[in-house]
Structures are given as C-alpha cells and as structure tokens.
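Assemble chain B onto chain A, guided by the hints.
These protein sequence lines map, in sequence, to chains A and B. So the first sequence is numbered by my numbering: it starts at 1 and just counts up by one. So the second sequence is numbered by my numbering: it starts at 1 and just counts up by one.
Don't take every hint at face value.
[Unchecked claim] Here are the simulated BS3-like cross-link-like pairs (lysine-lysine), alpha carbons at most 25 angstroms apart as the crow flies: (1) Lys406(A) with Lys306(A); (2) Lys28(B) with Lys312(A); (3) Lys28(B) with Lys355(A); (4) Lys42(B) with Lys342(A); (5) Lys28(B) with Lys342(A); (6) Lys28(B) with Lys306(A).
Just so you know, these hints were derived from the structure itself, not from any lab.
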Amino acid sequence: MDDQHLIPHLFRTEYRKIVAVLCKRFGIDQIAIAEDIAGETFLLASEAWGLKGAPENPTAWLYTVAKNKTRDQIKHRAVFMKNVVPEIKGVQDPDEVDIDLSVGNIKDSQLAMIFAVCHPCISQEAQIGLALNILCGFGVAEIAHAFLTNKEVIYKRLQRSKEKLRSEMIKIEPPTLTEVNERLESVLMTLYLLFNEGYYSGSQETSIRTEFCIEAMQLNRILIDNDISNTPSANALFSLMCFQSSRLTARTDEHGESILYDDQDVSSWDQQLIEKGNYYLNQALKGTRLSKYQLEATIAFWHTNKEDTQEKWESILQLYNRLLLIEYSPIVALSRTYALAKANGKREALIEAGKIGLTDYPLYHSLLGNLYTDIDNSKAIEHYRTALKLARSNSERKAMEKEIAKLTNAEG
Amino acid sequence: MKRFLLIYRYDSNALPKGSPEELQAMTKKWMDWIGGIAAQDKLDDRGNRLEFAGNMIRPNQVITDGPYTEVKELIGGYSIVKSDSLGEATVLALNCPIFMYGGNVEVRPINEL
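Bound-form chain A, shown alone:
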C-alpha cells in the first residue's frame, strides 16, 4: 500500500484500538485524553512519514509513539498530583506504566469499549453517535454530514453522552456472562441501527454510508471473535449484514439513484458475502433460542435468490409470522403482508392490509399501490400518490413517480 493510502487505512484500523486500550486501562474519565493521545500519534505519523516515508513496521511505530505519549501524560499528571494533591495515594511510577497493545488485550479492550459505549444509560441515538465517534474514529463533521444535521448538534450530543458515561462511572471492562445475557440484545440493536443508517441512507452520500455498513460489521466481528459474546444472535446479525451488504453495489446506479430489488442485476451481487452469510447463519442456528435476528437473517437468506418460488415466499411468510410473534413493528407487519400476497395471493393480502390500516406510513401506501396493481389500477395510482406525498427522501419519491408513470401509461 502506498504512503498516501497507508495513513487513512491505519487510522481506521489502529486509532480505535489505541483508544480502546487506553480507555480500558485508565477508565471512562480519560476518553478525551485517550483520543488526544491517539490523535497526536497520527499527527506525528503524518508529519514524520510525510518527510521520510513510512517505516518498515508502521503499526509498531504507532504503538511505540502512543506508549511514549501516554507515559508523558502520566508523568505530567503525577507531578500535578504530587505537588497539588499530595494526599492522593496510589500514583504509580510513570516509568513503570505499561500500555499493553498485544492482540489479546486489544480484543478485550475493544469488546469492553463496545459494551461501555452501547450502554442503556444513554439513548440509542446517542449510542450510535458515540460508536461512530469513539469506536469507529469518525469525526464530528463526517457524522453530521451523514445524518444531515449540523456539527454543533452532533458535538453537543457526543459531549453530553460522554459526560453521562462519566457521571454514571461506567466501567470499561470486558462484560461478564450476566452482562452479556442482559445487554447483548441491546448492543446488537445499536449495531443493527448503525448498519441501517448506512444501508437505508436518506442522504446521497453513498460512500460514507457504505462505510457505516462496514463499520457495523467490524464491530459485530469483535463480538464474534470474543468467546463470551460469540452468541447465536451475534452470528445471526452478522449473517444478516453479510446478506444485505452483498447487494450494496447493485442497489445504486451510476447516477447515485437507488435500484429496487426486483430491478437489480444479480451478477453484481457479491457471492462471497452471500457465502459468508450462509456460514454465519449456520453458526447462528446452532443455538436453542430463536431470536429475531435468526428470523431476519433467514428471511435475508431467502432473498439472496431472486427467483419467485412458492417455497421461497411461503417460507418468508412463516418467518414473518414468527417474527411478529416475538416483536411487532409496522415495517415487519407491512413486509409480512407483501409476503402474504406472494404466498397466498393478492386478494387475501388486500383484506389483511385493510385491517392493518397504517395510513400514516408511506410504505403502507406503496404496498397497497403494489397490491392493487392489475386488480384496480385507479386505486393503485391513488395509493402511490399518497405514498409520494408522504415520501421522506428523494429516492423514495423517484420510486413512487416511476410506479405512477408506469400505471398512467398503461391506462392509456
């Protein structure tokens, strides 16, 4: 890899590791200092390597610098502590402080950080922002841009969240088995929401949103790579993300517009990712409990084959039935109705859709538009028009306009 690409690449992978190790070592109070040390390390790297070129072992170089900077920080604090707060005991000899940047400790630290950041004391939205910032190394500007908001909003949100973690004295430690049992589902939800931010992007920034998907998957990998958090659900979520990611390239055309599933070119689906998804789905199905992630991953599995068969849609329908039994959500209810149409026929689905009545949802109307097509085209156009009015993004609007045009042309 040439020097120009080396630093951004290393930044992505090593910044978060250094921050994680330092945070675990010194606690949640020191997040800001940990980020400063990591940031300064990379600043030094870009200056030194810019002049002399990258060293033989760039990672080792970074780690050495990070360790030295950490020792300097501690020295300064020790002097402060000794002179200003002499009663404080337990101040270590700064020269003896060792920052453990071994593979094992990096793994432990990253897992600890995930559980610390995805903590229920802060909102899910805040967890996602913090995850992007601390765990993935995204800057305030990048996050603001992706969420279509301004820097001050994101900055304030991050500051408040870090302060909350500090005031709650959240420990940065690898989770115990009890903590995993109690909190893993919620941690997985945060990662899933992060992935969805990337996958169902409203903004046109496809490149950064794709990175969110990659980041979510990397964080999920950390859970899988640690025995204690390597649960069937964690594998199921990873499998789900693999299946959906396999279509990332196929979903957007050269103008950045979204291409719907039925119109996608199957040859551009990433078969390697599909294979990976299959592997992790098998791992996920080894458990005895069926969580919503296993169900969603299995539905995603069926979608990796574009062919419309009765078996596919009957399977998907039953999976959605079971998903609704676990947890209701409007999107799942509507997706289930679509599967019902494919498996049991449009007429039954129309009756069921009528009972659902989620008239505020654009997806409800686009579903009805689809169901009414070739049964009552004027009703179909009416619903697509409502969906257009309620649409929340340009790509949604364009998709509805396309459907309306198709039907209006058909009417003649």
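Below, chain B alone, put in the same frame as chain A:
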C-alpha cells in the same frame, strides 16, 4: 386497550387426522391467522395448546383423570388478544381455523387484577 382471553374448544372425535401434508396445511392456517392478528398489533400472547391428559378436581378432593377425550367440547388451547372492545376482539376470532373442524371460540374480557 383491553385484553381478551380466547378459549379454543373442539370435539376431539372430529379432530382432523389427515396426512402430513394436511396437518401441515392446518398448521399454516393457524400461523397465518395468528400472524394476521399480530400484524394488526393486537396479539398479546399467542398462548399454548393443551395436551389431552389432565386431572379433574371436584369438591371433597375428588380427583378423576379427565377431561375424557370423548368430551364434545374439549378445551384445546388459548390465546390472549388486545383490543378496544369485545366486539373488535370477536371480529379477530372470526377467521379462526378451529371452525374448519367444528370447534368454537369463547371470547372473554380479562378483568385485570
């Protein structure tokens, strides 16, 4: 929203003893029906089926095994739905597959303690 208990009763002699395909088709009907209620966000508890075996306890500690499988209206299971009225809850039960083999559904509002 109030909760309503659905009690499923059927004639054990009229139980469909079909081929694996027919039984699977019946299972699908139940899942689709319950799924439909869940899709309306009106399912509180999918409930359970009850096994045939059981005991009947009457006053003076008289215990017999029963209900006997010949009983015309054997309770087969239950579910709990949520709804704003008894009328609405009743509508949910109208498509219950149990009617296909001569069973019935009792809909009772739950008086929460």
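Consistency of the hints with the structure:
Between Lys406(A) and Lys306(A), the direct Cα distance comes to roughly 22 angstroms. Compliance with the 25 angstroms bound is thereby established for this hinted pair. Annotation: proposed proximity of Lys28(B) to Lys312(A) holds, straight-line Cα distance about 15 angstroms (limit 25 angstroms). Straight-line distance between C-alpha atoms of Lys28(B) and Lys355(A) comes to about 20 angstroms, which keeps the hinted pair within the 25 angstroms bound. Restraint check: the Cα-Cα separation between Lys42(B) and Lys342(A) comes to about 23 angstroms, which is no more than 25 angstroms; the hinted pair holds.
For the proposed pair Lys28(B) and Lys342(A), the alpha carbon gap of about 15 angstroms is at most 25 angstroms, so the pair holds. For the hint linking Lys28(B) to Lys306(A), the alpha-carbon distance of about 24 angstroms falls within 25 angstroms, and the restraint holds.
Consistency with the previously given hints is maintained throughout, with no hint failing.
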